[in-house]
Structures are given as structure tokens and as C-alpha cells.
Amino acid sequence: MAVIEETQRRGTLLAIEEVNERGGVNGREIVPVFYDPASELSSFGRYAKQLLIADDVTMIFGCYTSSSRKAVLPVVERLNGLLWYPTLYEGFEFSPNVIYTGAAPNQNSVALCQHLIKSYGRRFYFIGSDYIYPHESNRIMREAIQKHGGDVVGETYLSLHARRRDFLPVMREIRELQPDAIFSTVVGDATIYLYQSFADANLNPKTTPIASLTTTETEIRAMGFDVGEHHITAAPYFQNLESDSNRIFVNSYKKKYGDDEPTNMCAEAAYFQMHIFAKALEATNSMDPDILRPMVLGSNFDAPQGRISINPLSNHTDLWTRIGRANRLGQFDLVHQSFAPVQADPFLTAY
Amino acid sequence: MTTVPAALPPEMTDIDIVVATERDGSGEALIRDLQRTRNRIRHIWPIPEMLPADTDVIFCDLVPSLAARLPWLPGAPKAALVALISPGMRIDLDLLRKTAPEAILHRPFSSPAILSCLLLARSRFTYERRLRGRLEKLDGTLRAMRSIERAKTILMKARNIGEDEAYGYLRAQAMRQRLSVSAVATKIVDIGEPAG
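Protein chains in written order, with this note's numbering: chain A, 1226 to 1576; chain B, 7 to 202.
Hints are computed from structural coordinates only; laboratory data are not their basis. Cβ atoms here follow ideal geometry from the backbone N, Cα and C, with glycine treated the same way. A hint or two may mislead.
[What the hints assert, rightly or not] In silico EDC-like cross-links for lysine to aspartate or glutamate, where the CA-CA straight-line distance does not exceed 20 Å:
id: 1; chain 1: A; residue 1: LYS1479; chain 2: A; residue 2: ASP1281
id: 2; chain 1: A; residue 1: LYS1372; chain 2: B; residue 2: GLU155
id: 3; chain 1: B; residue 1: LYS104; chain 2: A; residue 2: GLU1467
id: 4; chain 1: A; residue 1: LYS1504; chain 2: A; residue 2: ASP1515
id: 5; chain 1: B; residue 1: LYS193; chain 2: A; residue 2: GLU1231
id: 6; chain 1: B; residue 1: LYS193; chain 2: A; residue 2: ASP1355
id: 7; chain 1: A; residue 1: LYS1372; chain 2: B; residue 2: ASP22
id: 8; chain 1: B; residue 1: LYS104; chain 2: A; residue 2: GLU1231
id: 9; chain 1: B; residue 1: LYS104; chain 2: A; residue 2: ASP1281
id: 10; chain 1: B; residue 1: LYS163; chain 2: B; residue 2: ASP196
id: 11; chain 1: B; residue 1: LYS143; chain 2: A; residue 2: GLU1302
id: 12; chain 1: A; residue 1: LYS1295; chain 2: B; residue 2: ASP145
id: 13; chain 1: B; residue 1: LYS104; chain 2: B; residue 2: GLU55
id: 14; chain 1: B; residue 1: LYS84; chain 2: A; residue 2: ASP1376
id: 15; chain 1: A; residue 1: LYS1480; chain 2: A; residue 2: ASP1469
id: 16; chain 1: B; residue 1: LYS163; chain 2: A; residue 2: GLU1454
id: 17; chain 1: B; residue 1: LYS84; chain 2: B; residue 2: ASP22
id: 18; chain 1: A; residue 1: LYS1479; chain 2: A; residue 2: GLU1467
id: 19; chain 1: B; residue 1: LYS143; chain 2: A; residue 2: GLU1318
[Unchecked claim] Pulled from the structure, derived: some chain B residues nowhere near chain A, Cβ distances all over 10 Å:
id: 20; residue: THR19
id: 21; residue: ASP60
id: 22; residue: LEU126
id: 23; residue: TYR173
id: 24; residue: GLY174
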């Protein structure tokens, strides 16, 4: 998981640097305290405890997987910290001690499903990593597919530590079942093996793409631009977006981390949530979550993806729905986007 | 010396208690009073690096390192905690907040204080555990309700039946398979069609 988590760290650091460069918050510098749980689940709770108890920190920024968020949750709830969680996830959660800045299923899965059925066909194959997010996310996707008259013809889960060879039987099955699209909830380093195995098996992404909510510019670069080409991702943000705020973000990111380093939805959410925090802190001048939270809820921000706001009903973010198709340059060409930010509906009450 | 009431509330009976404080006169009195409740008392001294988790209540000195010695993560306590405070000790409110004991007890310990602290700690702890359990259940129910709604729709479409009939089918299947209605519904949603 290191590669993708690193992009969240970079987005966070870049925003902190920007805030500090323009004089900090009310004249004071933001100084981050870092721990690297090394994707080890038990370390997340331990470090959260360490941050809130020994380091006197009240705001935690981070966590990529749902399992890591769930490990930190009881700690921030008991000690009344605030976790800023910049990752898309499967929804069905609301904690007053979390600000959710990644997409909820109604902001990505639903539109993705409609797009796939319209453009590729009704027969889906599911492949996922074996942990909470893929299982829950697939349940929601299946529901959306069935609602639109589609069918799930096959489903496989592989370990988070799956190797290249583990994908061979999957490709065989895909060849036999001939689905119209593959919905992948494979995350982390295994993502690369999935797409590469797909290419090695001579499957055609133009007619049968892998569609995902987690495969970003970063994973595409790691697998090879040619391997990623034509595959589909739904996300609130792509590096390719045309806007002033995105141009600034991409330029500063590349200046800091190198011209070859792509931005992605994880870096973007990590970046804008830190700016939202700084804005709220400027107004309240207090790190007390009970004072800061009301200032955060309902606030707006011109994020690289466009204007977004933190929904006070759910602590989730009203984000843009976008679907991109990877091109030869490892970037996503937009094939669909919402007219306005889509209200977060983590419990799918309106679907 | 006070006598322990003959009938103790259920929170105070048949429990394991760990006492981690020096066995001076006051400590001795604490242990003796707790023993009189006819519960199982274990004395540990000095305070171990990690306090034991296999107990119902921990009486422990409020030392600066207490948070690190608790065998659980904040928000997931495994036992009720009573912090023991010595006379003349500067009270560290931040430490108190971070260790989140259910009760505090001041030296020298008096029997009424010991008994009331034990009761308060236990009843607060069990009450919070019930609330946490209820929240967990609520989360589950929320998902279950969604599954049941979805399963009903699937059944109504597949068999061309009404809502009540669809729910009746779910209930009948649940009875037959000895599963909850929501488990049957989840299965149907997962497979995408009515089973059996």
C-alpha cells in the first residue's frame, strides 16, 4: 500500500508547506508529527493513541484503507480527536470524530455503473482484494448493476499480498466468462499485477475494460502507460482537469516532488483537507475539535477538483463525480462528469 | 470499619479485581475491603509495564505512565478503571482525561468510598459497553434494513408478487434455514436472485 499512501503524505505536506509559506495560521507554523504504520493494522490504533496521548495532537490526517480507519476510530472517538480521512470508501459510517473527504459510493459507484452499462454492456465480473472495502463496495455495485438490468457473472477475491501468478487463473476465468466489463476493487501493489496480467492475457481493454474506484495516475504509472490505456476509473479528481486551482496544485506538486510525479485523487483530497483545516483553525484559533468542527462543517473550498463543501449532515464532502479513461500518457480523459458537486449520501438513502 | 451490605448489586458480584498499589496500611485496607465483597482480588506491585486485561476492574495508582500501561486502546477498554490518588499529589487533569478512569479514589481509602467507587466504576463501564453494543447493532440494522428492502424488490420482480408476500417469503426462508431475515435477505442480494 506504500505507493498510494505516499501520495497522501505528499498532498498533506504540500498543503502544510503552502500554509506555512504564507505566514502560517495566525502567525504560527503548522508542524506535523509523523508516524509510519507500514500498512500494519495494529500499528494504526497504537500510533493514534500515541498521537492523542503522548504527543498532545488533536488532529490526525491520514489512513488509506478502511481497515486502518476502523482501527483509529474508537481512539479518536474516546479521546475526542478529529481524523481527516482523505480516501474514498464504502460508506455506511458516520462518526462525529471523522471528516470524510474522499468519495462515498453515491459519488462514484453509481455513475460508474451507469457508464459501464451504457458503453460496454451488462455482464460484469468482480475482482477484489480480500478485506472490508471490496466486499462492501461490491455489494453496493451489485445492487446498482441489478437496478440497471445488469448481471454479475463472476466474483473473485485475492489476498492483499497477491502475487502476479495469483492473477493467472482469474484471467483464465475472465476469458471463459467473457464479461463486458471488470469491476476491480483490488488495491495497493496488487493493482499493478492485475492490469499487467490482463495485458499479458491479451484481453482487450477497448471492449472489456477494468473499471475501478481506486486505480489512479500513480498506479497507472507503476503498471506502465501502455498497460493502463483504455481502462476506466471513477474519481472526483484527475490530474488532467482544466482549472486554475488544479494548475497551481499540479505545478507545485511537480516542483516539490519531480516532473514525473503525477498527482491523483488521494494527493488532492489530502491537500485540500489540510487547507480546509488551516482555514478553520485561522477562524477559531483553537485545536479543540469541539470548537473547530462547527467551523469545518458547511465550509467551502476551491479545491483542485472544483468547488467542494463539507456536508454538515454527514461530515462527508460534497464532491464532483467524474469518470476517466486512461490514455497513452498515463492520464485520464474525461468521459463523464457531474454538472455540480454531488451531495454525499454515505448511507445511500436516496438510491 | 464498615460492614459490607449483605446483598450487593449485580455489578459488584462475581467479578475479578486487580489492585496495583503499594501494600501500605491504606493499600492493605483497600484489599481487605474488596475481599469482603467476596470477589476475586489479585494484588500486583510494582505496577507492571502492562496491566492485565483479563479482569473486570483495575484499581491502580494514577502514575504519569498509566496510559501506556493500560492493556487496551482508548475507546476499547477491557475493564473498568479506578484511579488511586495520594494525598499531596498534584492532580494532573490532562492525565485523568487521557486515561479516562471510570472513578477515582483518594488515599486514605475509606470503606464507603471504596464500595461506592467500585459500584460506580462497574456500572459506568457496563453501561458504556451496552451503549457501544447498541451502536454496533444499530449500524448492523441499518445495513440489514437496506438488504431486506433490496431483497424484497428482487423477489417482487422475479416472482411478480406483492411486498407483503415477498416479506413473507423472506420470513419463511429464515425460519426454515434457521437464519435471521436479514441474513436471508443478504444472501438473496448477494446472489441477485431468490434462492430455493
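Next item on the list: With 10 Å as the threshold, tell me whether B:ASP60 passes as away from chain A on beta-carbon distances.
Entry: 19 Å, holds
Margin query: Check the hint pairing B:LYS143 with A:GLU1318 against an upper bound of 20 Å on the C-alpha distance.
Written below: Holds, at roughly 13 Å.
Notebook entry, point to check: Are the Cα positions of B:LYS193 and A:ASP1355 separated by 20 Å at most?
Noted result: Since the Cα atoms of B:LYS193 and A:ASP1355 sit roughly 18 Å apart, the hinted pair holds (cutoff 20 Å).
Notebook entry, point to check: Is it true that the CA of A:LYS1479 sits at most 20 Å from the CA of A:ASP1281?
Noted result: 33 Å, violated
Margin query: Please verify whether B:LYS104 and A:ASP1281 have alpha carbons no more than 20 Å apart.
Written below: 10 Å, holds
Notebook entry, point to check: Taking 20 Å as the top limit, are the C-alpha atoms of B:LYS193 and A:GLU1231 close enough?
Noted result: 38 Å, violated
Checklist line | Restraint status (C-alpha distance of A:LYS1372 to B:GLU155 at most 20 Å) | finding: At roughly 13 Å apart (the allowed maximum being 20 Å), B:GLU155 and A:LYS1372 satisfy the hint.
Next item on the list: For the pair supplied as a hint, B:LYS143 and A:GLU1302, confirm whether the alpha-carbon distance does not exceed 20 Å.
Entry: 18 Å, holds
Checklist line | A:LYS1295 paired with B:ASP145 [C-alpha distance capped at 20 Å] | finding: 13 Å, holds
Notebook entry, point to check: Far enough from chain A: is every CB of that chain over 10 Å from the CB of B:LEU126?
Noted result: Check passes; 19 Å lies beyond 10 Å.
Next item on the list: Would you mind confirming whether the straight-line C-alpha gap from A:LYS1480 to A:ASP1469 stays at or under 20 Å?
Entry: 16 Å, holds
Check: Are B:LYS104 and A:GLU1231 close enough, with their CA atoms no more than 20 Å apart?
Finding: The hint is violated at about 30 Å.
Checked against the numbered hints above, the structure breaks hints 1, 3, 5, 7, 8, 14, 16 and satisfies the rest.
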